[in-house]
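Each chain, written out:
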Amino acid sequence: MSTFVARRSLRIEQLTRLASQSDLYPPEIWEHIFRHLTGLQILRTRLVCRRWRDIIAGCPLLMRKLRIRFDNRRYRELVDDFPLLPITEMSILEYSVVVAPDWWPWLEELTLDKVEYDHYDDNVYTNLLDIFEKIFPRLKDLRIRKIGENGFNVERLVPAIRALASTLDALEMDFAEVNVLRDLPELTRTRLRRISVHVDPYFELDRWSRFFRAQPQLDDLVIFTTNLSTNLLVCDIGRAVPNLKRLKLHVTNTFSTDFLEFMPNLEYFELHGEVFEDIHLYKRGSPRLTELHLRDVDVNGFWPFLNLSPLLRRIVLHGCTLNFQTSNVKALRNIRTLEIDEDSNVPLKMLKALLRKCPSLEEFSFGCAEDYPDAVPLLICERLKRLRKLSLRGYPVTNASVDHIVQHGRALEEVRLNADVMSQETIERLLANSNLQVWLDQY
Amino acid sequence: MSTIKLETSDGVKFTVKTQVAKCSGTIRTMLEDIGINPQDGEAIPLSNVHSTILQKILVWAEHHVDDPEPPREDADAAKRTDDICSWDEDFLKVDQRTLFDVMLAANYLDMKQLIAVCCKTVANMIKGKTADQIRRTFNIENDFPPGEEDKIRLRNQFCEERSR
Chain A
1 MSTFVARRSL RIEQLTRLAS QSDLYPPEIW EHIFRHLTGL QILRTRLVCR RWRDIIAGCP
61 LLMRKLRIRF DNRRYRELVD DFPLLPITEM SILEYSVVVA PDWWPWLEEL TLDKVEYDHY
121 DDNVYTNLLD IFEKIFPRLK DLRIRKIGEN GFNVERLVPA IRALASTLDA LEMDFAEVNV
181 LRDLPELTRT RLRRISVHVD PYFELDRWSR FFRAQPQLDD LVIFTTNLST NLLVCDIGRA
241 VPNLKRLKLH VTNTFSTDFL EFMPNLEYFE LHGEVFEDIH LYKRGSPRLT ELHLRDVDVN
301 GFWPFLNLSP LLRRIVLHGC TLNFQTSNVK ALRNIRTLEI DEDSNVPLKM LKALLRKCPS
361 LEEFSFGCAE DYPDAVPLLI CERLKRLRKL SLRGYPVTNA SVDHIVQHGR ALEEVRLNAD
421 VMSQETIERL LANSNLQVWL DQY
Chain B
1 MSTIKLETSD GVKFTVKTQV AKCSGTIRTM LEDIGINPQD GEAIPLSNVH STILQKILVW
61 AEHHVDDPEP PREDADAAKR TDDICSWDED FLKVDQRTLF DVMLAANYLD MKQLIAVCCK
121 TVANMIKGKT ADQIRRTFNI ENDFPPGEED KIRLRNQFCE ERSR
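Sequence order for the protein chains is A and B.
Residues in the first sequence are numbered consecutively from 1, following full-length UniProt numbering.
Residues in the second sequence are numbered consecutively from 1, following full-length UniProt numbering.
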């Protein structure tokens, strides 16, 4: 009897072993399962067995969770015949490309950051740039950072980009290299959706205007410039590319944003100055704008702009000065997020006006370190009934203010406060509030 | 309430509410597009599903019959695995063989929500484990030639999580 039992349990064990072998299930099932893993878990799962390794490498959706990164730190470990996974994104950082890489037909996004190309002997090494379109036949998104400094053969860059004309739709070049800048506007056959570029130095308005006129599909544009005539260029871009949705400008001079007149479809606008440049917001507003970011500028024409930008939901001010300007605008009921950081300067009078005009705020972050006694928390309690997230990190919040905030902020979900002058009792009471996610900073 | 008959691979016949049976995209297509008429009393053959598994699946379908249509998912989006409802969690506390059989049958019957919840359950069995622990969990043999595993490990070092 006992032998029989033992044998029977052995059989069941064998059966379950056989049954749970992963080979029994079709690869689609495993792909489905693996799609719920993160990129790093997928890498680990590759180590389990040959079948899993092959299923993972054969599934483009899984490969899209990963990117390849070569950097100088790991240079020595690189094996020569590196058989690459069909991953679509790769970045190469501070790296010397000595041997031209193999054909990477699947690669769609490539970042070259401080890459050098050592061609000691032209007879032996092929220039990476000369065979760009052969090794990356599907490249859609090319980002080149700081390569002009390191002996990369810049003259060949523009022809290389030109050769990618049929696939490339996004180009980023965060460096100012004379040769490339002179030739880049000649790329009139490349149709780009996203461009990020320094237009200095040797900026020639005519050529750049011609270049942008050849880019009707453009919807996302970043321009770095110090040139005074940029305003004209941006107006030209607006006329040439009426569908532009995102615009980010870096400027170093007094600047008027009247070009917004020509960009009726803009949804996102970001403007960076250097040190408190005076900027004038366009007095007729921006009809479809939902996000406005301003950094390191003195803002003029704030109210009229807001008043005529009816879809605006989010305003972010970093290092900005917002002097008091009288407002006779109606309430701005669409604005949900207002973020003003510690480097900004907003007088109390202006802040009061802002909070009065934006009654629907759901997220308010205020970093100014000025002495605003308890005025800000009181104003918030009085006016912002829909506030969900509040951050006041610039100055210490008193016990009385904390009580006010907790009592009146019925919709509050998250607060972040400077706790320097809070009593231990207040802190404990705050942390005990189960409806509230609380972050306290002590300096 | 209208019912239809289903016949499993082992010849067992089930009488099922039409509404519950329609949780299966495969059966829905048969009824609506191909025009199989269930009033004839003829059973729909499900030649890939065993009766023990169909029984289980019908319990699931009965419970979820009134669920709203799930939103269409972006294939690239990160998929959560911590959102399995507690009823499903209990429902899938079965041995691995049954879990996979349910998943395969759900695949054949085109029941997306059930497939998803099975996949999440298995994914949770993979998460946080080393390759060796995963092998033990699923009883998989390490069939790499010597040295190959280290090579993959080395190549993995050049890969990282994509941020977008």
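Just so you know, the hints here were simulated from the structure itself, not pulled from any lab data.
Computed from a predicted structure; not experimentally measured.
Just so it is clear, CB atoms sit at the ideal spot from N, CA and C, and this is done for glycine as well.
One should not assume that every hint holds.
Sample of chain B residues at the chain A side, in silico, Cβ under 10 Å [unchecked claim]: (1) 5; (2) 9; (3) 12; (4) 13; (5) 14; (6) 129; (7) 131; (8) 143; (9) 149; (10) 152; (11) 156; (12) 158.
Mimicking DSS-like on lysine-lysine, the simulated pairs with C-alpha atoms at most 30 Å apart in a straight line are [claimed, not checked]: (13) A/245 <-> B/79; (14) A/114 <-> A/146; (15) B/56 <-> A/134; (16) A/248 <-> A/283; (17) A/140 <-> A/283; (18) B/79 <-> A/140; (19) B/79 <-> A/389; (20) B/79 <-> A/114; (21) B/17 <-> B/56; (22) A/114 <-> A/248.
Evaluation of the provided hints:
1. Against a cut-off of 10 Å between C-beta atoms, the interface hint on residue 5 of chain B is violated, since the closest Cβ of chain A lies about 28 Å away.
2. Given hint, residue 9 of chain B at the interface with chain A, is violated; its Cβ is 16 Å from that chain's nearest Cβ, farther than 10 Å.
3. About 21 Å separates the beta-carbon of residue 12 of chain B from the nearest beta-carbon of chain A, more than 10 Å, and the hint is not met.
4. For residue 13 of chain B, the interface hint is violated, the least distance from its beta-carbon to any beta-carbon of chain A being 26 Å, above 10 Å.
5. The criterion of a C-beta within 10 Å of any C-beta in chain A is not met by residue 14 of chain B, whose closest approach is roughly 24 Å, and the hint is violated.
6. A cut of 10 Å between beta carbons decides the hint on residue 129 of chain B: the least distance to chain A is about 8 Å, and the hint holds.
7. The interface hint given for residue 131 of chain B is met, as the beta carbon of that residue sits about 4 Å from the closest beta carbon of chain A, less than 10 Å.
8. For residue 143 of chain B, the interface hint holds, since its Cβ comes within 10 Å of a Cβ in chain A; the closest pair sits about 5 Å apart.
9. Because the beta carbon of residue 149 of chain B sits about 6 Å from the nearest beta carbon in chain A, less than 10 Å, this interface hint is met.
10. At a threshold of 10 Å, the smallest CB-CB gap from residue 152 of chain B to chain A is about 6 Å, leaving the interface hint in force.
11. This hint holds: residue 156 of chain B has a C-beta 5 Å from the nearest C-beta of chain A, less than the 10 Å allowed.
12. Satisfaction of the interface hint for residue 158 of chain B is found here, the shortest Cβ-Cβ separation to chain A being roughly 6 Å, below the 10 Å cut-off.
13. For a cut-off of 30 Å, the pair hint linking residue 245 of chain A to residue 79 of chain B stands: about 29 Å separates their Cα positions.
14. For a cut-off of 30 Å, the pair hint linking residue 114 of chain A to residue 146 of chain A stands: about 5 Å separates their Cα positions.
15. With a C-alpha separation of about 54 Å, the suggested pair residue 56 of chain B and residue 134 of chain A falls outside the 30 Å cut-off, and the hint is violated.
16. A hinted pair counts as satisfied when its Cα atoms are at most 30 Å apart, and residue 248 of chain A with residue 283 of chain A qualifies at roughly 19 Å.
17. With a C-alpha separation of about 38 Å, the suggested pairing of residue 140 of chain A with residue 283 of chain A is violated against the 30 Å cut-off.
18. As the CA atoms of residue 79 of chain B and residue 140 of chain A are separated by approximately 26 Å, the hinted pair is consistent with the 30 Å bound.
19. As the CA atoms of residue 79 of chain B and residue 389 of chain A are separated by approximately 26 Å, the hinted pair is consistent with the 30 Å bound.
20. Straight-line distance between C-alpha atoms of residue 79 of chain B and residue 114 of chain A comes to about 35 Å, which puts the hinted pair past the 30 Å bound.
21. Using a Cα cut-off of 30 Å, the hinted pair residue 17 of chain B and residue 56 of chain B holds, with the two alpha carbons roughly 15 Å apart.
22. Between the alpha carbons of residue 114 of chain A and residue 248 of chain A the distance comes to roughly 24 Å, so the proposed pair stays at or under 30 Å and holds.
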